Every structure is written in structure tokens, then in C-alpha cells.
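J.: Chain residues, written in single-letter form:
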Amino acid sequence: MTDAYIFDHVRTPRGKGKADGALAELTPVALAAQALSALARRNDLDTRHVEDLTLGCVVAVGEQGGNIARIAALAAGFDESVPGVQVNRYCASGLEAVNQGAAKVMAGQAGLVVAGGVESMSRVPMGADGGSWAIDPAVAFATRFVMQGVSADLLASKYGYSREMLDAYAAESHRRASVAWREGRFARSVVPATDLLGRVLLDKDEMIRPETSVETLAALKPSFAEMGAKAGFDTVALTRYPEVEKIHHLHHAGNSSGIVDGACAMLIGTLEAGRALGLTPRARIKSFASIGSEPTIMLTGPAPAAARALKNAGMSARDIALWELNEAFSAVVLRFMEAMNVNHASINVNGGAIAMGHPLGATGAMILGTLLDEMERRGQATGLATLCVGAGMGTATILELV
Amino acid sequence: MIDYFKRALAADGILTLTIDQPDAQANVMDRHFIDGLEHHVNAALADDAVKGVLLTSAKSSFVAGADLKTLEASLAEPKDAATLYAECRPFSALLRRIETGGKPFACALNGAALGGGFEIALACHYRCAADVRSLRVGLPEVGVGLLPGAGGTQRLLRMLGVARALPLLLQGSQLKAQAALEMGLVDAVVPAEDLLETARAWLLGSPDPTKAWDRKGFRVPGGQSPLEPAIAQLFLGSNAATGAGTLYNLPAPQAILSCLYEGMQLPMDKALDIECKYFVKLNLDPVAGNMIRTLFINKGKADRLMHRPQGVERRVHRKVGVLGAGLMGAGLALVAAEAGVDVVLIDRDQAAADKGKDYARSRLARDVEKGRSTQEKMDATLARIVSATDYALLDGASLVVEAVFEDRAVKAEVFARAEAALAPGAVLASNTSALPITGLASTLARKDAFIGLHFFSPVERMPLVEVIRGDDTSDEALAHALDFVAQLGKTPVLVNDSPGFFTSRFIGAFINEGVAMVAEGVAPALIEQAARLVGYPVGPLAISDEVGLDLAYKGALQRARDGGPGYKPGASVPVISELVVRHGRHGRKNGQGFYDYDAAGKRLWPGLADIWPRAENQPSLEEVKARMLYAQLVDAARCMADGVLLDAADGDVGACLGVGFPAYLGGPFAAMDTLGMPRLIERSEQLARDVSAERYALPELVYQMARSGQSFYGKRALTPPARRKGEAR
Chain A
22 MTDAYIFDHV RTPRGKGKAD GALAELTPVA LAAQALSALA RRNDLDTRHV EDLTLGCVVA
82 VGEQGGNIAR IAALAAGFDE SVPGVQVNRY CASGLEAVNQ GAAKVMAGQA GLVVAGGVES
142 MSRVPMGADG GSWAIDPAVA FATRFVMQGV SADLLASKYG YSREMLDAYA AESHRRASVA
202 WREGRFARSV VPATDLLGRV LLDKDEMIRP ETSVETLAAL KPSFAEMGAK AGFDTVALTR
262 YPEVEKIHHL HHAGNSSGIV DGACAMLIGT LEAGRALGLT PRARIKSFAS IGSEPTIMLT
322 GPAPAAARAL KNAGMSARDI ALWELNEAFS AVVLRFMEAM NVNHASINVN GGAIAMGHPL
382 GATGAMILGT LLDEMERRGQ ATGLATLCVG AGMGTATILE LV
Chain B
12 MIDYFKRALA ADGILTLTID QPDAQANVMD RHFIDGLEHH VNAALADDAV KGVLLTSAKS
72 SFVAGADLKT LEASLAEPKD AATLYAECRP FSALLRRIET GGKPFACALN GAALGGGFEI
132 ALACHYRCAA DVRSLRVGLP EVGVGLLPGA GGTQRLLRML GVARALPLLL QGSQLKAQAA
192 LEMGLVDAVV PAEDLLETAR AWLLGSPDPT KAWDRKGFRV PGGQSPLEPA IAQLFLGSNA
252 ATGAGTLYNL PAPQAILSCL YEGMQLPMDK ALDIECKYFV KLNLDPVAGN MIRTLFINKG
312 KADRLMHRPQ GVERRVHRKV GVLGAGLMGA GLALVAAEAG VDVVLIDRDQ AAADKGKDYA
372 RSRLARDVEK GRSTQEKMDA TLARIVSATD YALLDGASLV VEAVFEDRAV KAEVFARAEA
432 ALAPGAVLAS NTSALPITGL ASTLARKDAF IGLHFFSPVE RMPLVEVIRG DDTSDEALAH
492 ALDFVAQLGK TPVLVNDSPG FFTSRFIGAF INEGVAMVAE GVAPALIEQA ARLVGYPVGP
552 LAISDEVGLD LAYKGALQRA RDGGPGYKPG ASVPVISELV VRHGRHGRKN GQGFYDYDAA
612 GKRLWPGLAD IWPRAENQPS LEEVKARMLY AQLVDAARCM ADGVLLDAAD GDVGACLGVG
672 FPAYLGGPFA AMDTLGMPRL IERSEQLARD VSAERYALPE LVYQMARSGQ SFYGKRALTP
732 PARRKGEAR
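Protein sequences, first through last, are from chains A and B.
Residue numbering for the first sequence follows my numbering, beginning at 22 and increasing consecutively.
Residue numbering for the second sequence follows my numbering, beginning at 12 and increasing consecutively.
Each hint can be trusted.
Partner residues aside, some chain A positions facing chain B, computed with beta carbon under 7 Å:
{"hint": "1", "residue": "A155"}
{"hint": "2", "residue": "D157"}
{"hint": "3", "residue": "E264"}
Just so you know, these hints were derived from the structure itself, not from any lab.
All values derive from a computational prediction rather than experimental measurement.
From the three backbone atoms N, C-alpha and C, an ideal C-beta is built for every residue, glycine too.
Make the full structure from the sequences, and use the hints.
T.: Below you can see the structure in the form of C-alpha cells.
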């Protein structure tokens with residue numbers, strides 16, 4: 022089997038995912054194209070050598086619909102020979118895109134690929150793509166569908182996480198993200214997003230609030246109490262978790278991931294393909310995995326996904342120096358640290374989606390890039406990035422510095 | 012074929028089909044009915060002389076729905092999906108032929124049209140209803156685990172849209188004429204004498220005999236695509252609410268939701284086909300059969316007093332006495348007065364007796380406030396209740412019910428005073444929930460006039476009365492007691508005398524098992540939630556708190572005294588004693604029981620884990636559910652074997668209507684039949700090995716049934732031991 026290496030990666034800053042967000046004037050195709058163009062430009066890449074483009078995008082309807090990867094490649098001025106494919110593994114789509122791109126390289130079926138993701142949540146709202154899970158009675162009944170926020174609150178209730186614990190974790194995410202920006206830890210990878218005239222629209226993640234504290238978060242109202250208690254989702258969830266007496270509604274806008282716009286792209290290939298183009302390998306993609314987990318609690322996938330990726334790599338959790346886990350909700354990270362025996366000091370060291378936001382289709386590839394940058398900065402050889410995924414899944418990827 | 016339809020073709024080309032089932036009070040939808048309808052519809056469509064069809068009924072109702080006898084017989088027949096589909100689909104297609112045959116059909120609803128009767132009306136192009144009070148239209152099938160399978164879901168959907176059709180179908184709503192008119196389910200409400208003329212006038216007005224949904228460009232009102240946000244939200248919310256409401260035990264509400272979800276996206280004929288397939292699936296599910304048998308057939312038999320001894324003249328009670336004006340006595344006085352019976356409500360002092368009457372007053376006032384009754388009616392009802400202390404006022408009463416404390420001495424005293432005041436032939440009844448009737452009768456001169464009438468609290472809301480026949484109870488007393496229950500509009504079940512009768516010991520088996528698990532270190536939340544998931548309305552720990560742990564404790568002490576040297580306390584007794592004696596936790600009443608109670612609600616008391624440490628390995632949900640359910644099944648089987656029950660129907664109706672046994676299981680005997688004796692035996696023996704040899708010991712009767720291939724119902728139904736000994740004593 023061939024090894025797949027990461028040569029470079031870029032991401033846009035993340036803009037508030039509302040109509041007044043800084044990136045809302047960019048179409049999703051334009052947003053993705055900016056990341057692709059930046060990657061090509063700074064690597065002086067002759068895109069005729071790119072054999073596939075895989076982009077994660079979750080709500081693939083409207084202007085994100087069709088096959089946004091192919092259209093973004095064309096819009097970015099990539100050579101017409103570069104095909105594109107859009108993938109959807111919900112919140113892990115960006116990482117899934119990387120894994121699928123890498124798999125092609127590892128299988129010897131491509132020398133050089135680009136993978137990444139895009140989501141303009143300000144323009145194509147979550148849920149706009151419909152789907153059967155929540156809506157079709159036969160499916161919702163068979164699977165005991167609950168809203169994801171209720172799952173997060175169930176997770177916190179089942180494992181006894183208090184509101185204070187969740188808020189403390191969230192405040193720390195903001196603090197770490199602020200420090201990371203102040204110290205320029207993202208500088209190598211973030212490329213400013215520009216408008217039609219080439220002026221900078223946004224050069225920094227828009228949502229970070231360094232002043233966030235447990236005290237300021239305490240004022241926020243739980244987001245899922247109404248849905249959970251009144252609409253019946255709590256009861257539905259407890260049919261699967263009868264040992265939990267009651268679901269406490271603890272998650273709110275401040276300890277859940279932010280809704281943002283963003284895109285990213287990563288250049289992956291064999292050593293030989295890189296050498297031919299004068300590219301320097303930065304890390305080897307050592308292994309990856311996806312798993313399915315119980316769908317009602319939905320968010321416990323990262324630990325088994327990480328375990329499977331570790332097994333694929335012949336490693337154990339102790340071999341991993343640095344971790345990234347998408348901060349979908351505070352409880353997800355608290356549970357993962359407990360389940361995998363991971364210290365807070367070695368996970369999400371530069372903050373995460375609670376502070377910077379979670380552009381659904383892109384986040385997976387973004388946090389893999391963040392992990393790579395930080396491994397290099399710290400000189401730590403191994404790292405693992407993972408995400409919890411809707412409908413009860415998890416995806417994980419292990420990197421090793423070259 | 013016996014023709015139920017009277018055919019009259021007028022010169023103007025209007026054919027009137029009048030449904031008039033021979034020798035029957037009402038038209039029921041049996042084979043003759045369906046064959047007749049098909050014959051006449053086909054003939055009308057083929058006959059050029061017929062310009063329009065008017066469908067009506069010669070009875071006081073339009074069509075009463077399915078035929079009970081056919082239904083009961085069908086429960087015992089083995090069914091398969093293909094056969095059922097082949098049987099059901101043609102009727103739906105026949106109604107579709109009415110709709111699309113090219114000739115206008117008008118339906119004149121002279122009375123109630125429910126279920127299949129209303130589906131026929133919905134297939135017609137025009138519906139007018141007589142303005143009569145008793146008229147109801149609706150599709151109540153969900154109540155017995157079914158859905159309207161002949162177009163009901165699809166026509167309601169297309170007439171009203173998802174948002175308005177869904178609640179009618181999920182609740183099985185029955186609408187009065189005016190409400191149906193406002194909904195658009197009937198086109199006109201007119202005086203009964205104008206009904207036929209109204210329908211005829213419509214038919215003569217050259218109406219277009221096509222439905223909106225058979226015209227181009229039709230859209231379901233409010234939307235028809237899951238991509239429309241309002242529709243998506245509606246299903247998202249309804250799925251969760253229905254799941255939470257049924258806890259996934261009832262298949263019909265989900266099937267109804269699916270019929271609307273799938274049906275709105277399909278053309279009518281495909282949608283009708285989907286509806287029929289869901290209908291077949293529900294028919295194959297034991298839930299529908301069990302609900303129909305218990306809530307419809309067996310409840311009906313009980314309401315018609317199946318156990319009333321023959322040859323005793325029916326007694327209309329005009330004056331009764333109630334002894335003890337506490338919650339039960341007051342409720343009893345209220346329901347009797349509401350049924351038009353004069354009541355003497357007696358207590359030790361006038362203030363206590365008046366308080367009982369005040370209870371009736373406050374209940375009645377609330378009904379007036381909410382518009383359910385009038386001040387006049389309330390005054391008349393209250394005037395029938397005389398609160399008093401003087402037993403002499405019982406003179407002329409034909410029945411007296413005692414509802415004082417569960418204390419033999421207190422009861423003996425009031426019985427003696429009542430007996431002295433009553434004329435010969437009057438029935439003396441006790442509302443005891445557990446004390447054996449024969450023993451209570453021992454102090455009386457006329458033991459044969461004594462009987463148990465176990466009402467449930469709150470009396471005005473609970474539909475069941477457990478009638479307990481003591482060793483000495485006469486046929487006359489039984490018959491007249493049953494007459495009284497029928498007069499109150501309640502459902503009687505009959506049991507033989509035994510400690511706890513049927514219902515009290517039956518629910519006791521459930522509570523005992525739940526509480527016993529606390530002592531084993533099973534998570535209390537798991538016990539409570541498992542009970543709710545089986546389908547019990549309240550968990551065993553919450554019920555114990557409601558009843559009062561102190562009362563349960565006192566009851567246990569009493570049983571220990573009564574029981575003599577052979578007495579073995581139930582597994583729950585040590586737990587209850589510990590909570591009451593060592594921790595002063597008396598239940599809801601002092602805010603401390605298995606739960607802590609405060610203004611914010613109730614939470615399981617964390618201290619339980621200190622007394623009974625949480626077991627490292629918790630049992631599975633299935634195991635906890637099975638322990639509570641099988642404890643009751645085994646106990647019910649014993650009640651049958653020991654002759655406490657005379658009929659499985661009494662056990663099933665009593666369990667579901669009286670003590671919260673899940674209706675979707677149809678009662679313990681229906682549940683045992685559904686499991687089958689071999690599986691019942693296998694699982695019970697497993698539980699006997701794992702949990703308690705005593706509590707899960709099935710009676711020999713069940714083993715005999717397994718060997719001889721018998722069941723509690725159906726073609727190879729058991730003859731209950733109590734009946735074999737001769738029920739008609």
C-alpha cells in the first residue's frame with residue numbers, strides 16, 4: 022500500500038452564519054473556490070496533476086446542491102480535467118473527504134488529490150435538505166429520532182455533567198482560541214476571504230469572544246428545554262435510556278458549536294507525486310476510520326471511531342500526543358476525555374467550534390489542519406482528529422509528522 | 012345474499028338506496044351489507060335511467076360499524092397478509108368506484124355514522140346531516156388499535172390537510188353535526204324532516220361528480236411535500252409527540268401518521284392501496300385483536316351484565332344509602348345522584364356527612380363552570396343527596412354501600428346499624444378493596460344479602476366496579492347489585508371471594524415486584540421507567556408513594572396478624588418497613604417516600620442508594636419489564652386456577668379498566684394467549700430460577716393448557732375452573 026502525505030492546507034476564516042455575517046455575501050461556490058485558489062496559488066500548483074477533488078458539504082441543496090465540488094473546481098479555475106465529488110457524513114464530511122481522497126492515493130489510484138469542505142450556513146440553512154430521519158413516521162419511530170440538542174443534554178445527564186462543567190469547558194475554548202489567534206498559531210493556514218473587488222472581507226474567525234466566562238455564560242437560557250419537554254423528545258430519548266431519571270437541559274448557544282460559514286482545502290498525495298511538483302510532505306496520514314453508534318444519544322461516536330483508527334494504525338491512545346475533537350457540544354468533549362482517558366491539556370489546545378464555529382461540511386478537514394499545524398509547532402509526532410456525527414456515527418484520522 | 016338495501020328509482024332519475032337490515036336495531040357492516048352495497052352501486056352505475064344516487068338509512072343511526080359477532084369470530088382465525096389484503100382491498104375499491112363512477116352520490120346522514128359507515132359517507136360527493144342531538148360522525152378506529160382502512164385517512168387528508176386531519180384520526184374524534192359542518196366534513200346540517208329533500212335537491216342540481224383530488228392541479232390543503240417546512244415541522248413534532256404518548260406500544264397511531272405522510276405524496280389510488288396495506292398490518296398485529304376483544308367485545312358483555320343470574324327480576328334502584336362520606340363515599344353519592352338515584356349519605360357526625368355532599372357540590376359546580384352542565388341540573392342532582400347521621404333515613408333504600416375505614420370492627424358496627432334500618436330484600440354492599448366478603452358478612456343476620464362492590468378512586472372517573480360474590484351471597488343480591496352498577500353506567504366484573512379479590516392482589520403483584528427490585532440494588536429510575544415502558548400509567552414506586560408507605564406498612568402488619576404462623580411477608584415488606592420505621596418516609600403525604608416532593612416536582616430520593624447500594628451489574632430493560640409483567644401474568648393465572656375468576660374476560664376488563672394494566676396487551680389473559688403457553692412457561696420458569704421460585708410459579712392449570720393446546724380465548728378456550736364447579740349456584 023502507498024502512503025498518503027499532506028503537503029499543505031488552507032482554510033478561510035469562519036464568519037458568523039447569519040445574514041449579517043461577514044461571509045454571507047459570498048456564494049458557497051465562491052467561498053469554496055477561494056480556498057481552492059489559495060491552495061493552488063501558494064503551492065504554484067499546476068492543477069492538471071490533481072486527479073480528484075473531494076469536498077464535504079452537508080446541506081447539499083440550493084446553491085450548495087448538485088455536485089458543488091466539481092462546480093467549485095471549475096469556478097476556482099482548476100483545469101477541466103479535475104473531477105469533483107461531494108460527500109456527506111454530516112458533521113464529519115470534511116474529514117471524510119480527506120479520508121476518501123487519501124484512500125484513493127493509498128490504493129494507488131491517484132497520485133495527487135485535493136480534499137476539503139464548504140458550508141455557507143448563512144445562505145443554506147441547516148435542515149434545508151430535508152431527509153427522512155425526523156420526518157417519515159416509519160423511520161422516526163423505528164430509530165427513536167430526537168433532536169441533536171436533546172441528545173447532547175441526554176449525554177450530559179447520563180454522565181452527570183453539570184451546567185458549570187459544560188460552561189467552564191466552553192469558556193476555556195474561547196480563551197484558548199483567543200490565545201491561539203494572538204500568538205499567530207493559525208497564521209500559516211488561514212487565508213483572508215475577499216469580496217468581488219478583492220478587498221478583505223474577513224481575516225479572523227468572527228465569533229470568538231475572549232471575555233467569555235462561566236459567569237457570562239450563566240445568563241444564557243437552555244436551547245432544547247422546550248423541544249425536549251414539551252414536544253416529547255425527552256420521553257422518546259428515555260425509552261432508549263431508561264436508567265436516566267430525567268434529562269436536564271444544560272446546553273445553550275454558548276456551550277454548543279457556533280453556526281458559521283467557511284471552507285478549506287488540503288493537498289494530499291504520494292511522496293513521488295509531491296517530489297515531481299517540488300512539494301514538501303508535512304505529515305503522513307497513518308490511518309482513519311468511521312463507525313456507527315447508538316443514534317438516539319447520537320454523539321458518542323468519537324471514542325469508538327478513535328479506537329478503530331488506533332487499531333488500524335496498530336497504536337494505542339497512549340501513543341497519541343495531541344488530540345482534536347470537534348466541539349459540537351461541551352458534553353461531547355467531556356465524555357470523550359473520560360472514555361479515552363485524555364487530559365484536557367492535550368486536546369483542542371487552540372480552542373474549537375464552541376469559540377470559532379462549525380461550518381458543517383468543512384470542519385473535519387479544518388481541525389485536521391489545525392492539528393497538523395500544532396503538532397509541528399510543538400514538535401509532537403502523532404495526533405488524532407475526530408468528530409461526532411449525526412445519526413450516531415464517528416470519524417477519526419491519525420497523523421504522523423514526517 | 013340477504014339484501015339490506017331498499018331500492019326506489021324516481022321518475023327524475025334519482026335512485027334512493029335505503030339501508031335497512033332486517034330484524035335489527037342498527038345496520039352493521041357484515042358480509043351481506045358489503046355484498047349488497049357492491050351489487051347496488053354497480054347496478055346504479057350501469058343503469059342509464061339512474062342520474063344520481065341518494066344513500067340513507069331506515070334506522071335511527073346511519074351505519075353502526077363493524078359487526079361484533081363477525082369481529083369476535085375473526086379474532087380466533089389465523090390470518091395471513093395476502094388473504095387479508097385480498098379481503099379488504101375490494102371494499103376500499105368499491106368506495107372509490109362510488110367516488111369515480113361518474114354519477115353523483117349524496118349521503119343523507121339521519122343518525123350516527125362512525126368508522127366504516129362514515130367512510131362510505133366520505134366517498135360520496137355530498138353529505139347532509141340531520142340536526143339531531145345523537146348524531147356523531149368520525150373515525151374512531153384508533154381506539155381499538157386500527158385505522159380507517161377504506162379511504163378514511165386519505166379522504167380526511169385531502170379534505171382537511173395534514174394539520175387538521177391528523178388530530179381527528181389520532182384521537183378518533185367523534186364530531187357532532189355542527190362541528191362536522193364547520194370542519195367541512197359534511198356539506199349541510201338540516202332539520203331531520205328536510206334531510207332527504209336536501210340531498211335530492213343537491214342531486215337534481217346537475218352536480219359535478221368528481222372530487223377535487225381527481226381534478227388536475229389538486230394540492231392537499233396546507234401542503235403535501237416533506238420538503239415544505241410547515242409539513243416537515245408538523246411530522247417532526249407529531250412523530251415525537253406520538254412516540255412519547257404511546258411509548259411505541261401502540262402500532263395504530265404510527266400507521267396513521269405513515270398513511271398521511273406516504274399518502275400525501277401519492278395519487279389517490281396508490282394512496283388507498285398504501286392505506287389498505289397499513290390496515291392489514293394492524294390487523295395482523297395482536298394489539299388490535301386484544302384491544303378489540305377487551306375494550307369492545309368483553310367490555311360490552313360486562314356492560315350487558317353477562318353474569319347476571321337469570322330469573323331474577325330487574326330492579327331499578329330509586330333510593331340507596333352510602334355509609335361513610337370520605338372520598339369514596341362522596342364520589343359514590345355523586346355518581347348515584349347523577350344517575351337519578353336518591354342517596355342518603357351517612358357519616359358519624361353531620362359535619363363529616365356535609366363535607367361529603369360538598370365534594371359533590373364542588374364537582375358539579377366545575378361542570379357548570381365548564382359548560383358541561385347547567386345550574387338547573389346541578390341543583391336537581393344535589394337535591395337527591397341527603398347528608399345525615401341517622402340510619403333510620405335508610406328506610407326504603409334498596410341498596411346500601413359501605414365505604415368506611417378498612418377496619419373490621421368499624422365495618423361490623425355500621426353494617427349492624429344499616430341492617431336494622433333496611434327492609435328485607437335490600438342489598439348490603441361493602442366497598443372494601445381487600446377484606447374478604449364472606450368474613451365481613453359473618454356478623455350479619457342476612458348474609459345472603461351481602462356482597463362486595465369495589466369501586467375505584469376517583470369514583471366519578473373510574474369506569475370499573477369489581478363485584479365480589481361471597482360464599483353466602485344470593486343470586487338475588489348479585490343480580491340487584493349488578494343492576495345498580497349498570498344504572499351508574501359503570502362496567503362490572505364478577506369475582507369470587509378471596510383476599511385482595513382480583514384487582515387488588517393483581518396490582519399488588521406488580522408493585523411488590525417493583526419495590527423488591529429496590530432492595531436488590533436495581534436503579535430506581537430504571538424500575539420506574541421500565542414500568543412506564545411496559546405501559547403502566549405510573550411506576551410501582553410512585554404508586555406506593557401515592558397510596559402511602561405508612562398504609563402499606565400497616566396493611567402488612569395486619570396481614571401478618573391475620574395470616575397466622577404460615578404467613579410469609581411479600582418481598583416488598585422489608586423495603587417499606589425500612590422506609591417507614593427507620594426513615595419516617597410515609598410517601599407523598601409527608602413529601603418523602605421513594606421520591607422527594609417539593610414545589611418543583613418530585614425526584615427519586617438519592618438516599619435509596621445508601622440503604623440499598625446500587626448493584627454493579629444492572630439488569631437489562633427487558634428483564635426489569637418482564638419481572639413486573641410476568642409477576643402479574645402468573646398471579647392472574649393463579650386467580651383463574653384458584654377459582655377467583657369466573658371468566659378470562661373479567662380478568663382482562665378488570666385489569667385494564669381498573670388497575671392500569673396496559674390496554675394494548677388486552678389484559679393478562681389476552682397477553683398470555685398472545686405469548687402462547689409454551690413461551691409463558693419458559694419465561695416464567697426462567698424468572699422462577701433467576702428471581703423467585705415462589706412469585707413466578709405458574710399453576711398446574713397452565714401446564715395442562717399447554718399440553719392440551721388450550722388458550723384462554725378462541726376455539727380451544729379453557730373452561731375456567733370456577734365455572735366447571737358450576738357458576739350458576
